[in-house]
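Model the placement of chains Y, C, F, H, W, E and A with the ligands on the given structure of chain P, informed by the hints.
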Amino acid sequence: GHRREDKDSINSSSAVIMAFKSFQLELDTRHDKYERLVKLSRDITIESKRTIFLLHRITSAPSGEEILIESEAKLDVVRQKIKQVAQELMGEDMNQFHRAISPGLQEYVEAVSFQYFIKTRTLISLEEINKQLIFAAEDKEEEETKLPASDCLSKQSLTWSLKVTPVDYLLGVADLTGELMRMCINSVGNGDIDTPFELSQFLRQIYDGFSYIGNTGPYEVSKKLYTLKQSLAKVENACYTLKVRGSEIPKHMLADVFSTKTEIIEQEDGLS
Amino acid sequence: GHRREDKDSINSSSAVIMAFKSFQLELDTRHDKYERLVKLSRDITIESKRTIFLLHRITSAPSGEEILIESEAKLDVVRQKIKQVAQELMGEDMNQFHRAISPGLQEYVEAVSFQYFIKTRTLISLEEINKQLIFAAEDKEEEETKLPASDCLSKQSLTWSLKVTPVDYLLGVADLTGELMRMCINSVGNGDIDTPFELSQFLRQIYDGFSYIGNTGPYEVSKKLYTLKQSLAKVENACYTLKVRGSEIPKHMLADVFSTKTEIIEQEDGLS
Amino acid sequence: MSVSEMFINLQGVLTVDQDIREDIRKVVQTLEQTAREILTVLQGVHQGSGFQDIPKKCQKAREHFGTVRTQLASLKIKFPADQYYRFHEHWRFVLQRLVFLAAFVVYLETETLVTREAVTEILGIEAERERGFHLDIEDYLSGVLTLASELSRLAVNSVTAGDYSRPLRISAFINELDSGFRLLNLKNDSLRKRYDGLKYDVKKIEEVVYDLSIRGLNKEATDGAGGEK
Amino acid sequence: MSVSEMFINLQGVLTVDQDIREDIRKVVQTLEQTAREILTVLQGVHQGSGFQDIPKKCQKAREHFGTVRTQLASLKIKFPADQYYRFHEHWRFVLQRLVFLAAFVVYLETETLVTREAVTEILGIEAERERGFHLDIEDYLSGVLTLASELSRLAVNSVTAGDYSRPLRISAFINELDSGFRLLNLKNDSLRKRYDGLKYDVKKIEEVVYDLSIRGLNKEATDGAGGEK
Amino acid sequence: MSVSEMFINLQGVLTVDQDIREDIRKVVQTLEQTAREILTVLQGVHQGSGFQDIPKKCQKAREHFGTVRTQLASLKIKFPADQYYRFHEHWRFVLQRLVFLAAFVVYLETETLVTREAVTEILGIEAERERGFHLDIEDYLSGVLTLASELSRLAVNSVTAGDYSRPLRISAFINELDSGFRLLNLKNDSLRKRYDGLKYDVKKIEEVVYDLSIRGLNKEATDGAGGEK
Amino acid sequence: MSVSEMFINLQGVLTVDQDIREDIRKVVQTLEQTAREILTVLQGVHQGSGFQDIPKKCQKAREHFGTVRTQLASLKIKFPADQYYRFHEHWRFVLQRLVFLAAFVVYLETETLVTREAVTEILGIEAERERGFHLDIEDYLSGVLTLASELSRLAVNSVTAGDYSRPLRISAFINELDSGFRLLNLKNDSLRKRYDGLKYDVKKIEEVVYDLSIRGLNKEATDGAGGEK
Amino acid sequence: MSVSEMFINLQGVLTVDQDIREDIRKVVQTLEQTAREILTVLQGVHQGSGFQDIPKKCQKAREHFGTVRTQLASLKIKFPADQYYRFHEHWRFVLQRLVFLAAFVVYLETETLVTREAVTEILGIEAERERGFHLDIEDYLSGVLTLASELSRLAVNSVTAGDYSRPLRISAFINELDSGFRLLNLKNDSLRKRYDGLKYDVKKIEEVVYDLSIRGLNKEATDGAGGEK
Amino acid sequence: MSVSEMFINLQGVLTVDQDIREDIRKVVQTLEQTAREILTVLQGVHQGSGFQDIPKKCQKAREHFGTVRTQLASLKIKFPADQYYRFHEHWRFVLQRLVFLAAFVVYLETETLVTREAVTEILGIEAERERGFHLDIEDYLSGVLTLASELSRLAVNSVTAGDYSRPLRISAFINELDSGFRLLNLKNDSLRKRYDGLKYDVKKIEEVVYDLSIRGLNKEATDGAGGEK
Ligand SMILES: [Mn+2]
Ligand SMILES: [Mn+2]
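Protein chains in written order, with this note's numbering: chain P, 286 to 557; chain Y, 286 to 557; chain C, 8 to 236; chain F, 8 to 236; chain H, 8 to 236; chain W, 8 to 236; chain E, 8 to 236; chain A, 8 to 236.
For reference, chain P alone in the conformation it holds in the complex (with noise of 0.2 Å):
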């Protein structure tokens, strides 16, 4: 273009350029932030949801407790995903990043608590999951590389932490539900009579719950709502069946049939 040089004269020094400049770089760098919290919310969902799969093999598994341990393991190494984003976010308004890291803060809860229901048969609280995201600094290495960025900081402060928020937790616990359904269907699928009633006692508990917070939380809460009334819909018929079927034993049998279901199995696993 025959103009083009007019408006080049712009001086690149301004005071109106050079304030530009570093509006650019301060908004890279929030979004190159911004980019490796999703990277990592990625990774945390894809292990959260595989800790899931895995203690879901507990019923068929000869041992329950090396499972535990082995779960544990995999959400020790969630952890160390969630403290790398407690580092990135040291000194930074979480809130700011929360979009990144949701989804992954929300597959972990959802993770955590159905381990730590397997292990207790209760629900993890808020507090409790918190106090499991504090995470201080483990070799000389990062307190080195720590120090040098703000030496004012005292002693106490080698530590990260990351706070799930409340709707993140309730989002996780709604999530739980699903998994607890299918934890049910498979117990009774397993000839386990005791947990699908457990199971429908608890999840009873959790509805009630939300019902109770009802249209109070955010509209992602109460979407969940729905999801949630039909898990335990078919938790609660799963019982009704138990129940049902339950009522035609006549009673001098109820040993006798355990052992024979046994012996079918073993014999067909010889011809298997």
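Don't read these hints as lab results, they were simulated from the structure. Just so it is clear, the structure is predicted and the values come from calculations on it, not from any experiment. Some hints here could point you the wrong way.
[Unchecked claim] Think about it this way: if two alpha-carbon atoms lie no more than 20 Å apart in a straight line, the pair counts; the simulated EDC-like pairs of lysine to aspartate or glutamate are:
id	chain 1	residue 1	chain 2	residue 2
1	A	67	A	128
2	H	194	A	29
3	W	211	H	157
4	W	194	E	30
5	F	33	W	29
6	Y	514	A	44
7	F	83	F	137
8	Y	306	P	355
9	C	67	C	118
10	C	64	H	89
The following block gives chains Y, C, F, H, W, E and A with the ligands in isolation, referenced to the frame of chain P:
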């Protein structure tokens, strides 16, 4: 559960279980690869976008040449990422992971075709783009890390390549038109009256091309037609305005106008 | 090359692509037809009278698989060999169906799970992706899940037909399948959803076995089963 | 702690959160009211007669900013200081509006771009995030873009009012702004969209300058401008 | 002809069309009302006491079909005969409903599937498209699928009412239907979707039959059935 | 009157309207809170242990309805009586919820359907639209449909808790409801959609009754029921 | 009262409601027709030749408003007076249109903004809500915004027709309107959205005035205007 | 007739239907291809250089319409004449496109609106529904609306190409169209929505005419136009 032991007796070394163990490995490997590709795609997207922003600075920079060189360097970085994608896809069916990498590749097409237009005022062809996506092993290390894994491969195979699909190319070009529209408005604002007419000519060709393809392509392509039409309308309107206002200029003033303009701006610069 | 020439070329590529898809769709329709016919043959086993003729039904189904092989052979030449996943969606569904049907036949014949390799042989396709038109692992698994659900139905109908031993054997089989599937880490996709259904099949069979147990019919069954097999 | 106790606690947290939001909304409404009043004051400059009183209008606007400072001071104590971004959406829009208004006043007074630091001073908030209620950079930039569009309108109305030098000065100013914005790599968000609008403001002013040039009115302008400023 | 004359003509055509639609809507509303009344009559068969009066209920339903015939006769003269498919959407839903109701009556009377021709007779419309207001094949099939689902419900309620033989007959009937549908090559549309639901009805009835079998109630049923049928 | 005076007047009207809405919103929030509390009380009946305390739970719920009455009394004075439908959307949802809760209490107490008049009494509002704050008929029906779905759940949980007679009574009740709704000519709106869900509740309960029947548990139930009731 | 009696009563209420809606819809259609006719009359002012006949066109439009009054009189007796807001949606749109048309006529006649009271007089409805069928304030404002956009179009066409003074007067008028609207505190609804469009009208007119100014045509205009007005 | 025979018959009918649809789809694809080619020819008029060749382009387009006639002739024999509306959706879109193209050619040739009869002649189809494959009135109107929007683009590009008289003629033409459409009482459907877009075309062209007027270019245009036409 008191009957859990029943099912534990399934032989964990049975043929079925062994098969599923291999399935687990296969699926996990596939998902992990998919995930790595998603991350690479995000990187490609971001860097391509930044290249486009850089190229828009040409009209205001002292020298377009510098920016073109800088953009070439940025695109080289992007291509290094694409090389990593190509390496991940070595021996795979690229279509299997297409969804993971498609957004990044489209954005790359947008960036590289924008640069190409600025340099040559023509549309880069799909072939030209793909020619730039053939990568040779760059250093000893890469060659070595590759060799052990597939030592039966000939010397010739020491390249990786990736082919952008025609559809991704079309989608990238469709987005390019948005950038061209921005460039057109920028040009008018900068007093460059030739570029808008060139751009309108070029955009009309692309629009006619897309009209010709019409709905024979996939839905995503048809979907962009509307935006493309909007961009073309903006460019045509800009040219219209240039023409209409140009109609008022007394012929003898033509030379005068621009020199005066330059004066004013220089003067203003002195003030600021 | 002018812009308009470039677009004419691209349009050519798209047209070729559409023609390929049209060709694929037609073959897939014939495959669906054959699959429906095999299904009709095999559905007979659910009927009371159908339990005697299982071998004959399997035989007949196997013949149909000859047609399937021809059709699949015709399908695989409709598109460039290295673009399997480009057109995957077109045959994905029918292939899962055929896997199920092959697995059902094999189960009825030998009461074992057909391997992935064996399915590909029955269908006349490749076991390895590198070698050509193959069977995606997820499609294999999906077909197997359909089998599980069909077997849970078979268990119910076996009881109706007075065969009390089959449900016990199905139970053992499906339990093993379940253990297998639990080893997998599935994404939140359709396979995951279908896998969620497996639990209900397992549950259903458990209930059948239970019903037999409390009536002592399982003993009757295992007593007789030895001779039957 | 029982499940129901846990949920009662959570409900408590949510209620607190909602109350905070309600409080914030109320203050934000008063801020919007004040912003509308400042806007009304400043809109006067577009009217022919308004060009003389610019200093007086700026003066009056500055007084209103006193109210803004009080209101913002009241806003910042409505929520925990470290949760700025948790509630950001609530005041984001009005803050962008206030940035624009402050930038407009400063431009009218000195024909310079207000710095981010200067805006925070006018609004009585912090320049640094670490120090408390601050101004997000994107909100600052968004407000500046509104200024550009207002100035392109002012350029048009200046000509109507017979002031031919102001458009030239606005042109230089907006060109510099444009150069600045071109340095930024924006995401595909609302700021990017608004930035796309800047091109049209630049174009509009270019057209005004052109109109003046071909009529020789720009010379008239620069001749007189020396005296006016 | 001027543009405005052209448009006045066009408006004339549009008005005719709008009036036709209005007329159709009104008749369709009366049809819906009658359909609801027939349904209410037939719903009685699900109640325990309702099993005795089936013939009487069918009788009563047949009377209502007289009204339906009058209403359909009135419908068919509301629009030119060759524009059936232009207004099809208006009566499609209610016609499917009426097919279901006719098929239900016929099933209750004779335990057979009503043919398409027989339905058109009951409704007083044409069997052949060429001859006028007819029954679209997909609407017929859709009504038949509703019947299947109603019968699976009836099987359940029969057991409750102590009738153990009806579920066995329903099972045979629905199996036949299922085989029939398997002969069809349905498009991926709403009919296909509804057909996918058929397998749940089949399964439900099989489970009812299973429940009877395992308790030996099916023998009781067939023993008695011999006399009953 | 100048334009700006006109607009100042108009703003006065708008402000009144906005204040009314704000006031309504606040009362509605308290109503929602109370409704949630009643729900929590009544949900206890689904727990196995909850079946004994039904009267006590109803008692407690009734007390909460005292609060509801106070809150509704406060709501109705927030706006001019003839503008009920202007603000209807604000309380529509919570009113449907309260209808359901009242209907649930009444059902648990007497196993009858609460009339529209009775609901209005429980809620302390008018039965007739002309007399003031009343209950829209569609809101009443919507609440009743929610009751149906809650009762189908209750039937399931009753069995689990060992109460085999309640499902039989629920079944009769829901059948009556279903017949009632079939008398209505509903528009194609959200109520119609919700009504379509009723048939699933009917079916679910029929299956429960079936399960009891086939195991002879319904006799056990009615035998014992005489004493229990 | 039995459940079915209850539902028969309820259906009675529903029928009344549906009939009312049907009646309203019909009258609204005639109103839409008249509105379209008025619009056609007034559209003439945009044509070059139309500027002379403005009084005549207004006269003709005023006659049509007689029809409007009759139709609105017929509308208001279709439903109980206190249920205005229950059926508001039905006539809302056409009423906004009529407000715009009345405001346009009044502007063309006197170049002033019609008051809400004056509009209600033209339409033959009540000014006060308490007195019956009235004009909702938001509908009034919505109609006024349509006027603004029509006037910005009129300004453009005035120039084409060689009338250079009208745009200046329109500019003043719209500026006043804009100031008026800035006094309002609008909710985030459709009215707010439409108000956001006003600034484009303001800008458009300012550009027209600019175009006149830079060419010295505004002076020509005001010179002549003195005589004209 | 057995159930399976019935379904074999039904499948026969379905197959006929599916084959018809397949055939129609194929012809429609060729029509779309031709339509796209005509479009490519006509889009040339927007290029600066394209204004001289308009007659040649129209000529070329007319030749393509020969192909269209052959293709439509082939289309109409693919299905029974009285089932036009059964398959309408298949060709609806392309027919609207062809109407637009025919209307565009006719406009470029004679600057008049093609009548519905004339379009059917160009396309070689019937003008009257009763006589066979015809043009639905809504499809005609839809094509005409597309013309309006294309002409508003043409007006802009005419100016760019230095032709100042064409926009004036386009403006008159579109105003006439707009008046015509205002005579229609459109339903709230897609045509109504598209009609709402017409006002933007009207406005756009008015602004073009304004731009020419204010610069005196309209006079230049009409001066020269005398000679040109
Ligand atoms: Mn989950
Ligand atoms: Mn882009």
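Hints and how they fare:
1. A:67 with A:128: 17 Å, holds
2. H:194 with A:29: 12 Å, holds
3. W:211 with H:157: The given pair, whose Cα atoms are some 14 Å apart, holds under the 20 Å limit.
4. W:194 with E:30: Given that 20 Å is the threshold and the Cα spacing comes to 16 Å, the pair holds.
5. F:33 with W:29: With a Cα-Cα distance of about 11 Å, the restraint between residue 33 of chain F and residue 29 of chain W holds, given a limit of 20 Å.
6. Y:514 with A:44: 18 Å, holds
7. F:83 with F:137: OK: residue 83 of chain F and residue 137 of chain F at ~14 Å, within 20 Å.
8. Y:306 with P:355: 17 Å, holds
9. C:67 with C:118: 18 Å, holds
10. C:64 with H:89: This hinted pair is violated, its Cα atoms lying about 49 Å apart.
Of the hints listed earlier, the one the structure fails to meet is number 10.
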